[in-house]
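Novice: Modelling step: build the complete structure from the supplied sequences, incorporating the hints.
Chains as they are written, first to last, in my numbering: chain A, 1 to 253; chain B, 1 to 453.
Simulated from the structure, these hints should not be mistaken for laboratory data.
Hints may contain errors.
To be clear about the criterion: a stretch of chain A counts as covered by chain B if any three or more of its residues have a C-beta under 8 Å from a C-beta of chain B, and this derived list gives those stretches [claimed, not checked]:
(1) 113-124
(2) 130-136
One side only, chain B facing chain A, incomplete, derived with CB under 7 Å [to be verified]:
(3) Ala-15
(4) Gly-58
(5) Gly-59
(6) Ala-381
(7) Gly-387
(8) Leu-389
(9) Ser-410
(10) Arg-411
Keep in mind that this is a model prediction, so the values were computed, not measured.
Beta carbons: idealized from backbone N, C-alpha and C, even for Gly.
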Amino acid sequence: MNAVVDIETAVVLGGTSDIGLSTARRLVAAGARRVILAGRDPVTLERAAADLRTSGAAVEVVAFDAAATETHADFVDELFARDGDIDLVLLAFGILGDQQRAEEDAGAAIEVLRVNFEGAVSVGVPLMRRLRGQGHGHLVLLSSVAAERPRRGNFVYSASKAGVDSFFQGLADSAEGTGIHVMVVRPGRVRTKMTEGIPEVPFTTDPEIVARDIVAGLRRRAHTVWSPPVMRFVMFGMRHLPRRLFRKVGERG
Amino acid sequence: MTNAGQPLSGWGRTAPTISQVEQPATADDAEVAVRRAAARGIIARGLGRSYGDAAQNGGGAVARMTAIAAITDLDLVGGVVSAGGGASLDHLMRTLVPLGWFPPVSPGTRQVTLGGAVAADIHGKNHHRDGSFAQHVEAIGLHAPAGHRQATPTDDPEAFWATAGGMGLTGLISSVKLRLVPIETSRIRMDTDRAANLDDAMAMMEEGDGRYRYTVAWIDCLARGANIGRAVLTRGDHATLDEVPEPARRDPLRLRAGTLLKVPPFVPGGLVNPLTMAAFNEAWFRKAPKAERGRLTSIAAFFHPLDAVSNWNRIYGPAGFLQYQVVVPFGAEDTIRSLVAAFSSAGTPSFLAVLKRFGAASPGHLSFPIPGWTLALDMPARLPGLGPLLDRLDEQVAAVGGRVYLAKDSRMRPGMLAAMYPRLDEWRAVQARLDPRGVMQSDLSRRLQLTGR
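Specialist: The structure is reproduced here in structure tokens:
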């Protein structure tokens, strides 16, 4: 962190995520000098790193498995044992899961919760502690508008996002006065690898737009960022729709 | 001692972090604070006039030194004062000027502590003939992690000169013994000259600086074309008794230095923009006399015009500002021209830039002044394109053997440090001896990897 560039070193957990990478690219354009990409698959991670290096940043790659919660404490210790402070950690990992299977097989439902909810909580707590220890930094969770109201077609995913969204909202309140900025990002439907092949809904957006909104939110130290911003009002409406009507609307997405 | 997490930033109000602030009341407290320092370390803070992150320590401890401020010894015959490291130059001047003594170096504000003055090895308008602050210091009480010592330039030159300009990273400074300058009056006899452009200003300074104790030029960085770098030179000396008129002779050492104004607590961003600044600079240039000799002015008006507005740093709004101050050696005048041209063509909305000739360097390993030209100017931190512009200027400055002033810096890249400060490794070796565990830390030291650990 310096007077001109707020974020010099950024860490992306889920380092191959389209939104994570778009955000990293934007931060580098704004002056970030160092990016650490953390994820499961070393091959795709290295490919993403190579792409990011062309923008002039120093990019490092580290192994991270969101589902392996028992490894998270050590992972965070090692992350902060590296040279220099960390100005931003973005939690961009997540899985959509197979809704139909999850309705038959509790194990499949729990698998989604394990990554999206438990994984984020289990890495978020030590991250928060470490950031507090350096007296500054941003912790950003990629949530979803699905956290606001579950739909018939993806309620397992919704439940996981509702849980983690709620946890990080509380974390943001706990961060008051610590110098740490915790921000929850709720994108609408985004055209990414995760949603490939799913029919589009109104207000579907692109990773670049979400990245733009994230960087704008960081600048004003927002608590919650909706992307595109109109989703705040769309979801406000959705939340107050009568249940029967909502089910009809929900079926379309 | 109090202990609470507090957001701290420098005078530029950028990049705040949370530190545990303690306020040692005695030298013993300072010693305890250093010994107790944990992994995230400790740094001293005085009156917070460093522009950047030199006196903050995110996640670690900050020792606010301003309670260790008593004048402990005063030799009115030889002109030597001893005072706490947290004593301000303001306090010193209010006490000493009526007694006929003046600090050997006076920066642009009286609101700096003696410890801070040593740690940044500050300079004033008399650097061309009197050198920097630490060159007038006879001893410091230094609480280094390796132990407490009275460091003098003769007994312990390594510790002393690593501390002078060492940005607080050798330990806490609880006392300073300082040689003073005798004065007959509290007035400055000032000459003012206008220069039509930068080249004229530099030529006039080269030719005339030797005749004055104090000299400085204020440059208009927003002027363009043939007016580029137009300047007002103000140069002066302490007035002698027979130079002040009869009424003032009855109380020749009276010091008038009050705070006249206060900026309101909230100022919207964007007040400082190219239009307002160009208008301000134009008015300021026209107001200055073309050539005036022997005007009598007060110490406060001559040295510290901005101290009259107590919190003027707020006029830049919530996003804050930074000051870019560099020095380049004599012979590299082209670099100064190129810097002024770069700021002029970027339309950097800046109050006046300050141009000054430095004399011989002090033996401080990281002391900023070297013989040459120094240029300093303020600018809003959120100016589009500012980062890359200053990075580029850093390269130009380093390429000719110049450097950025660490007490002003808030944004430089760590890679520039070794080129700008060629004695860095030597300093690091002394610093490591004084602080084997590496507990002296600040946001500045981490950002620039100053201690190399």
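Novice: Would the hint on Gly-58 of chain B be counted as holding, given a Cβ-Cβ threshold of 7 Å to chain A?
Specialist: Constraint on Gly-58 of chain B satisfied, holds at 3 Å.
Novice: Checking hints one by one. Is Ala-381 of chain B an interface residue toward chain A, by the C-beta closer than 7 Å rule?
Specialist: Holds, because the Cβ-Cβ distance from Ala-381 of chain B to chain A comes to roughly 5 Å (cut-off 7 Å).
Novice: Would you check chain B against the region 113-124 of chain A, counting CB to CB pairs closer than 8 Å, and say if three or more residues qualify?
Specialist: violated (count 0)
Novice: Given Arg-411 of chain B as an interface hint, is its Cβ closer than 7 Å to any Cβ of chain A?
Specialist: With a closest approach of 4 Å, the Arg-411 of chain B hint holds.
Novice: Can you verify the interface hint for Leu-389 of chain B: is its Cβ closer than 7 Å to any Cβ in chain A?
Specialist: violated, 10 Å
Novice: Mind checking the CB of Ser-410 of chain B against every CB in chain A and telling me if the closest is under 7 Å?
Specialist: holds, 4 Å
Novice: Using 7 Å as the Cβ threshold, decide whether Gly-59 of chain B counts as touching chain A.
Specialist: Nearest chain A Cβ about 4 Å off; hint holds.
Novice: Closer than 8 Å Cβ to Cβ for three or more residues is the test here. Does the region 130-136 of chain A pass it with chain B?
Specialist: Held - the region 130-136 of chain A has 5 residues with a Cβ nearer than 8 Å to chain B, which meets the minimum of three.
Novice: Does the CB of Gly-387 of chain B sit less than 7 Å away from some CB of chain A?
Specialist: Cβ of Gly-387 of chain B sits 4 Å from chain A, so the hint holds.
Novice: Regarding the hint that Ala-15 of chain B lies at the interface with chain A, is the smallest CB-CB distance below 7 Å?
Specialist: holds, 5 Å
The structure fails to meet hints 1, 8 from the earlier list, while all remaining hints are met.
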